[in-house]
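J.: Please take these sequences and the hints and turn them into a complete structure.
In order, the protein sequences belong to chains F and L.
Position 119 of the first sequence, counted from 1, bears residue number 119 in the numbering used here, the numbering being contiguous throughout.
Position 78 of the second sequence, counted from 1, bears residue number 78 in the numbering used here, the numbering being contiguous throughout.
These aren't lab readings, by the way, just hints derived from the structure by calculation.
Incorrect hints may have been included.
[To be verified] Taking lysine to any residue and the SDA-like style, the derived pairs with C-alpha atoms no more than 20 Å apart in a straight line are:
1) L:LYS229 / L:LEU182
2) F:LYS11 / L:ARG13
3) F:LYS103 / L:LYS229
This one's a predicted model, so the numbers in the text were calculated from it and none came from an experiment.
In case you want the letters, here they are:
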Amino acid sequence: MNPDYRPYHPKWFRRRVPIFWWLRQAAYVKFISRELTCLLVAYVAILLLVFVAAVDRGEASYLALVGWLSQPMVVAFHVAVLLGTLFHTVTWLNLAPMALVVKVGGRRVPARAILLGHYFAWVACTIAVAWALVGP
Amino acid sequence: MSDTVTMEVLRYRPEEETEPTYESFEVPVQPEWMILDGLNHIKDQLDGSLSYRWACRMGVCGSCGMLVNGRPVLTCATYMESLLPGPIRVEPLRGFPVIRDLVGDITDFMGKLAAVKPYIVREEEKPVEEGEYLQTPEELAEYKQYSMCINCMLCYSACPIYRIEPDFIGPAAIALAQRYNLDSRDEGAQERMDVLSQHAGIWGCTLVGECSEVCPKDVDPAGAIQRYKVSATVDFFKSVLMPWRKE
Numbered sequence: 001m002n003p004d005y006r007p008y009h010p011k012w013f014r015r016r017v018p019i020f021w022w023l024r025q026a027a028y029v030k031f032i033s034r035e036l037t038c039l040l041v042a043y044v045a046i047l048l049l050v051f052v053a054a055v056d057r058g059e060a061s062y063l064a065l066v067g068w069l070s071q072p073m074v075v076a077f078h079v080a081v082l083l084g085t086l087f088h089t090v091t092w093l094n095l096a097p098m099a100l101v102v103k104v105g106g107r108r109v110p111a112r113a114i115l116l117g118h119y120f121a122w123v124a125c126t127i128a129v130a131w132a133l134v135g136p
Numbered sequence: 001m002s003d004t005v006t007m008e009v010l011r012y013r014p015e016e017e018t019e020p021t022y023e024s025f026e027v028p029v030q031p032e033w034m035i036l037d038g039l040n041h042i043k044d045q046l047d048g049s050l051s052y053r054w055a056c057r058m059g060v061c062g063s064c065g066m067l068v069n070g071r072p073v074l075t076c077a078t079y080m081e082s083l084l085p086g087p088i089r090v091e092p093l094r095g096f097p098v099i100r101d102l103v104g105d106i107t108d109f110m111g112k113l114a115a116v117k118p119y120i121v122r123e124e125e126k127p128v129e130e131g132e133y134l135q136t137p138e139e140l141a142e143y144k145q146y147s148m149c150i151n152c153m154l155c156y157s158a159c160p161i162y163r164i165e166p167d168f169i170g171p172a173a174i175a176l177a178q179r180y181n182l183d184s185r186d187e188g189a190q191e192r193m194d195v196l197s198q199h200a201g202i203w204g205c206t207l208v209g210e211c212s213e214v215c216p217k218d219v220d221p222a223g224a225i226q227r228y229k230v231s232a233t234v235d236f237f238k239s240v241l242m243p244w245r246k247e
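T.: Below, the structure is given as structure tokens:
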């Protein structure tokens, strides 16, 4: 390397990254929304565990939890949670073809087929869980 | 259609000023003029001190990448007419320190590119008398997409991770590593994995996906990085479950 070269040249201008850089472009907003809504997925998982614990403690405990969940404000909050987790799931599944390169008979499986496979698995899991909870 | 358009060009003259400023130029709109033609008009006719990089004018050399209206593009491949009525704002690529006007310092990228060994690595070269390393069209198709990279660095400019974590090796370097990994003649995948399995390598990527959106050559660096993550994960589980397996 040239001895005159200085990696941190004092006269070069370096732009600072603003804290709200992600608000400047729709694609960045979508990315941050996708990443942040993963917290809602974690919340739903914890809520499920709380349900299991309430059932374990007995009928009174379970009914108290259901009573709390039936309040209008709590219902409204959970509708928002549902929308957030749906957004997360859809944006996440849509990225799957980018990472998965599957070859069948020397030919690459088209992105649409991989996407359909994921959505099919999602619907199948949803039906299985609903069947387990509600019964046939 | 108006005859002229205003081009707001970022100027930075370190010997005169400590902060960049925007300077407006009225540039004639000619059919089929690119942004680069507008900049050349400014330099030829209005202000010869304007500094920027360009060479081939046909989307091959990768040196004229700039931010045009906030989006990283090749200025030789962006029609001025597509951005009328203007004003058209031209800035240097984000993520690189500005040396002067529209010229950024790319030393960081050059170092990262070298770190991933973007060339065919052989454990043992066969003697010249034995001839070339032959390849089938199918083997070529495996990596051809990634070999289209022209090192224009638009993907670095689109990547927010690179700006926030400057150690991140970045989209083009990883796509080029993948280009050689997928080449049937190459045997350097493990050496590259040693560099890329670090946090600053593939795991630094959080899949914003903008690198692939702005790529003028459809290289899809975001896809290359995700494929790399999948193969690194598979390798890890194989090494845990089958420790007797040879690397």
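J.: Would you mind marking each hint as holding or not holding in the structure?
T.: Do the hints match the structure? See the list:
Only pairs whose Cα atoms come within 20 Å are accepted, and LYS229 of chain L paired with LEU182 of chain L is accepted, the gap being roughly 14 Å. For the given pair, LYS11 of chain F sits about 9 Å from ARG13 of chain L by alpha-carbon distance, which is consistent with the 20 Å threshold. Distance restraint check for LYS103 of chain F and LYS229 of chain L: the Cα-Cα separation of roughly 18 Å lies within the 20 Å cut-off, and the hinted pair is therefore satisfied.
Violated hints for the displayed structure: none, as all numbered hints are satisfied.
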